[in-house]
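2 protein chains.
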Amino acid sequence: MSKPYVLGIDIGGTNTVFGIVDARGVVLASSAIKTQKHNNINDYIDELYTEIMRLLDLNDAVDKIHGIGIGAPNANYFTGIIEDGVNLPWPTPIPLAQIVSEKFGIPVAITNDANAAAIGEMTYGAARGLKDFIMITLGTGVGSGIVINGQLVYGHDGFAGELGHVIMKRNNGRLCGCGRTGCLEAYCSATGVARTAREFLEARTDESLLRNIPTEDITSKDVYDAAVAGDKLAQDVFEFTGNLLGEAFADFTVFSSPEAIILFGGLAKSGDLLLKPLRNSMEKNMMGIFKGKVRILLSELKEADAAVLGASALGWEAKPIAK
Amino acid sequence: MSKPYVLGIDIGGTNTVFGIVDARGVVLASSAIKTQKHNNINDYIDELYTEIMRLLDLNDAVDKIHGIGIGAPNANYFTGIIEDGVNLPWPTPIPLAQIVSEKFGIPVAITNDANAAAIGEMTYGAARGLKDFIMITLGTGVGSGIVINGQLVYGHDGFAGELGHVIMKRNNGRLCGCGRTGCLEAYCSATGVARTAREFLEARTDESLLRNIPTEDITSKDVYDAAVAGDKLAQDVFEFTGNLLGEAFADFTVFSSPEAIILFGGLAKSGDLLLKPLRNSMEKNMMGIFKGKVRILLSELKEADAAVLGASALGWEAKPIAK
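Those protein sequence lines, which keep their order, are chains P and R.
Residue 331 is where the first sequence ends in my numbering, and the numbering goes up by one at each step.
Residue 331 is where the second sequence ends in my numbering, and the numbering goes up by one at each step.
Keep in mind that the hints were calculated from the coordinates and are not lab data.
Check the hints yourself; a few may be wrong.
Chain copies aren't distinguished; within one or between two, either way the pair holds.
Computed list of lysine-lysine pairs in DSS-like fashion (alpha-carbon distance at most 25 Å, straight line) [said to hold, decoys possible]:
(1) K42 with K139
(2) K177 with K310
(3) K292 with K177
(4) K240 with K11
(5) K301 with K11
(6) K177 with K42
(7) K299 with K177
(8) K111 with K45
(9) K11 with K111
(10) K11 with K299
(11) K139 with K327
(12) K327 with K11
(13) K301 with K229
(14) K177 with K45
(15) K111 with K229
(16) K72 with K240
Quick caveat: nothing in here was measured; it's all calculated off a predicted structure.
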């Protein structure tokens with residue numbers, strides 16, 4: 009193969025990570041720049057180009073890149089555009105695929121970060137060999153990438169798979185970042201877990217290690233640490249979170265009947281604190297014909313590589329943009 | 009084409025309807041037998057065979073059938089089996105595809121009734137040209153057939169698309185036929201509408217035409233007739249039903265981002281009584297990026313033909329069963 013590599017770029021709110029990846033999913037080399045450094049998108053692209061060309065040069069990979077795959081928030085696979093309503097330092101919409109492909113002279117495909125994770129998992133991780141699965145990313149928000157019959161679900165407009173925004177509480181639900189109330193993301197993201205802890209601390213009177221932390225500073229990591237230390241209130245927060253995720257997963261199952269739901273992101277590393285109530289709740293709430301069929305798996309991608317790997321997998325299918 | 013027709017068979021709880029269909033979706037001839045007449049599946053198949061051969065003979069269609077498509081409750085596309093838990097007069101599981109293909113010597117494909125309706129709508133009806141839509145059947149139950157990227161969603165086990173069984177009421181929900189509580193089907197099916205009417209009649213004290221009917225005898229048709237006659241309580245039942253469907257449809261949209269949700273079945277003929285609150289509720293509950301994008305359409309298949317047409321469309325892709 010004359011062009012044996014792809015380039016994966018993961019544009020996060022803080023860092024932009026990129027790497028050279030071969031066909032077996034080995035990250036040959038990677039580096040990063042600060043996403044927030046430039047207020048002008050062209051300056052950002054210029055720095056990205058300089059740093060990527062340096063990396064390619066160092067690794068004897070110039071002219072060996074088959075395609076570029078980019079994962080970015082609100083990135084639309086069909087249009088190649090980063091759509092409105094996203095926490096990046098540049099005005100949206102941004103025709104990202106076009107800008108990058110013109111700059112590099114290489115075909116570019118983009119998708120949102122959760123879809124990139126699903127593609128990465130299917131190509132290199134826990135979902136190898138699975139044709140029907142759902143990737144759930146438990147980070148600052150709750151994202152999802154849905155794979156049905158081996159294909160990522162984009163929907164007619166490229167925006168399918170926003171499972172963090174099913175409504176779990178129809179009355180008195182928490183305000184979500186999307187502007188509505190009661191979304192799964194408002195409860196089961198890392199920030200949701202911290203909110204639950206604050207609610208429990210206010211509603212309850214029992215002792216808790218979390219009472220030693222100023223309420224507004226509590227993070228999901230604090231809740232995890234307290235729970236591991238045996239703190240009952242903190243453990244109840246995970247119980248609550250797992251229960252709600254289980255209810256949601258039972259509903260997802262009647263839609264696409266996946267073989268597995270794969271968890272990715274910081275909260276997914278909470279172990280049985282989260283997984284035990286999650287699995288119990290999912291089975292308890294599951295429609296009869298699906299009971300015992302859906303596996304809950306953890307991502308097998310190394311976290312440092314996952315975003316780049318997921319994005320890079322898209323690079324293999326990137327096509328030149330029609331003028 | 010030497011075999012220019014397909015045979016569509018719709019096995020309902022009461023009647024089994026079948027018809028000869030050409031490639032343009034014209035039903036050349038159709039007939040029916042009683043599903044409940046025979047307690048032995050073999051006797052039922054024998055009568056079905058006799059009547060179908062008579063129909064083929066009359067229409068000069070013997071040896072011109074490319075394949076047979078069957079829609080039946082709990083019928084699994086992958087296995088060709090009618091699975092457990094279904095209201096038919098024979099013991100389940102029933103290896104229906106095998107039985108019918110051996111009897112007729114023609115390839116058979118089967119799927120559940122809602123999936124058959126979705127395929128029929130995509131091939132001949134309101135969903136022609138659509139690649140991403142959801143078919144919702146509002147009958148005795150609430151069924152669904154989901155099409156993503158032009159393909160029916162079966163899931164890994166053939167049971168995907170049970171959207172009547174997402175949980176809409178997590179507290180004090182109504183008991184559903186599936187054994188759980190709070191399912192969409194328990195509220196928005198024809199029987200759900202009648203249940204809502206009974207609940208409203210008990211909870212409220214205002215006049216209603218429905219008070220002239222013995223409570224247990226009230227049907228969704230009675231509620232419709234009363235609503236059309238201006239009965240406020242009956243109109244409120246449709247408002248409640250439409251609201252709940254709208255909430256559910258907003259959740260379905262974040263999953264697969266369909267261009268349209270297509271309604272089929274008796275309740276779908278309630279006109280603006282149902283559609284107005286449904287559309288309002290769906291838009292009100294819709295996540296921002298999907299607002300104004302999802303059309304609510306009504307099935308364009310003639311009801312008498314719809315089941316047979318939907319089933320028949322499967323006949324084009326039926327393959328001989330491997331021994």
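**OP:** Just pull the numbers of the violated hints for me, sorted ascending.
**Re:** 1, 2, 4, 5, 6, 10, 13, 14, 15, 16
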